[in-house]
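Line by line, the protein sequences are chains Y and W. Here my numbering is used: position 77 in the first sequence is 77, and no number is missing along the way. Here my numbering is used: position 109 in the second sequence is 109, and no number is missing along the way.
What the hints contain is simulated information worked out from the structure, not anything from laboratory work. Here the structure is a predicted model, which means the values were calculated and not measured. Warning: the hint list may mix true and false statements.
Okay, the calculated bits of chain Y under chain W, using three or more residues with CB under 8 Å as the criterion [what the hints assert, rightly or not]:
no. : region
1   : 15-27
2   : 72-82
When the alpha-carbon atoms are kept at most 20 Å apart in a straight line, the in silico DMTMM-like pairs for lysine to aspartate or glutamate are as follows [claimed, not checked]:
no. : chain 1 : residue 1 : chain 2 : residue 2
3   : Y       : K70       : Y       : E17
4   : Y       : K26       : W       : E44
5   : W       : K15       : W       : E108
6   : Y       : K70       : Y       : D83
7   : Y       : K56       : W       : D86
8   : Y       : K69       : Y       : E17
9   : Y       : K104      : W       : E113
10  : W       : K78       : W       : E53
11  : Y       : K108      : Y       : E5
12  : W       : K62       : W       : D86
13  : Y       : K69       : Y       : D83
14  : Y       : K104      : W       : D86
Here a beta-carbon is modelled for each residue, glycine too, at the ideal position from N, C-alpha and C.
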Amino acid sequence: SQQGEEDPQALSIQEGENATMNCSYKTSINNLQWYRQNSGRGLVHLILIRSNEREKHSGRLRVTLDTSKKSSSLLITASRAADTASYFCAFVSNYQLIWGAGTKLIIKP
Amino acid sequence: EAGVVQSPRYKIIEKKQPVAFWCNPISGHNTLYWYLQNLGQGPELLIRYENEEAVDDSQLPKDRFSAERLKGVDSTLKIQPAELGDSAVYLCASSLVSLAGHGTNTGELFFGEGSRLTVL
Chain Y
1 SQQGEEDPQA LSIQEGENAT MNCSYKTSIN NLQWYRQNSG RGLVHLILIR SNEREKHSGR
61 LRVTLDTSKK SSSLLITASR AADTASYFCA FVSNYQLIWG AGTKLIIKP
Chain W
1 EAGVVQSPRY KIIEKKQPVA FWCNPISGHN TLYWYLQNLG QGPELLIRYE NEEAVDDSQL
61 PKDRFSAERL KGVDSTLKIQ PAELGDSAVY LCASSLVSLA GHGTNTGELF FGEGSRLTVL
């Protein structure tokens with residue numbers, strides 16, 4: 001299946017540092033979304049960026065989209081312990097929502 | 001506003017037994033999804049409903065899995081008989097905007113907390 005690819009698979013940083021996660025895909029997309037999943041919980045939508053947008057901000061989150069490189073990045077600035085979670089990208093292509101395998105982020109206090 | 005409600009949260013069964021999961025989506029959300037999620041993996045779509053119609057069930061193992069969405073609201077997902085490899089988290093999600101509708105853009109998905117199935 002045409003899954004998205006995320007890297008890194010896991011990321012461990014100190015509280016206060018910035019965290020960057022990347023998502024790549026192979027087809028044309030309509031939009032790309034980022035979700036967070038705390039351990040044992042459901043996924044929570046963070047931000048959506050449309051194919052004609054290049055950058056979007058929401059609080060401490062910054063998402064970029066480069067359609068020429070077929071990639072997106074999620075930046076979390078000034079990380080907090082509560083940001084510890086798995087982060088997934090999902091993109092809409094051909095009326096399907098395709099998910100990445102996720103990046104596991106650990107914020108060390 | 002109530003979120004997506006799933007039950008049960010946890011279920012442990014012996015292999016070959018049946019199991020059913022229930023989902024109540026957010027009021028007004030016409031699109032409902034059932035996903036399977038294995039540990040350390042992203043969600044995998046099992047079935048997507050637009051109102052009562054299953055518009056994408058290509059990944060649903062129809063020999064043992066079945067789903068229904070009566071009256072276009074609540075949905076149930078059933079496995080009969082369960083196999084060891086079915087152990088996973090079953091996630092239900094709903095959305096206001098259809099993937100197939102209105103061309104190009106879709107809104108966010110709202111997920112329930114999931115139903116964790118362990119098959120012994």
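For this session: Output the numbers, in ascending order, of every earlier hint that fails for this structure.
Result: 1, 2, 3, 5, 6, 7, 8, 11, 13, 14
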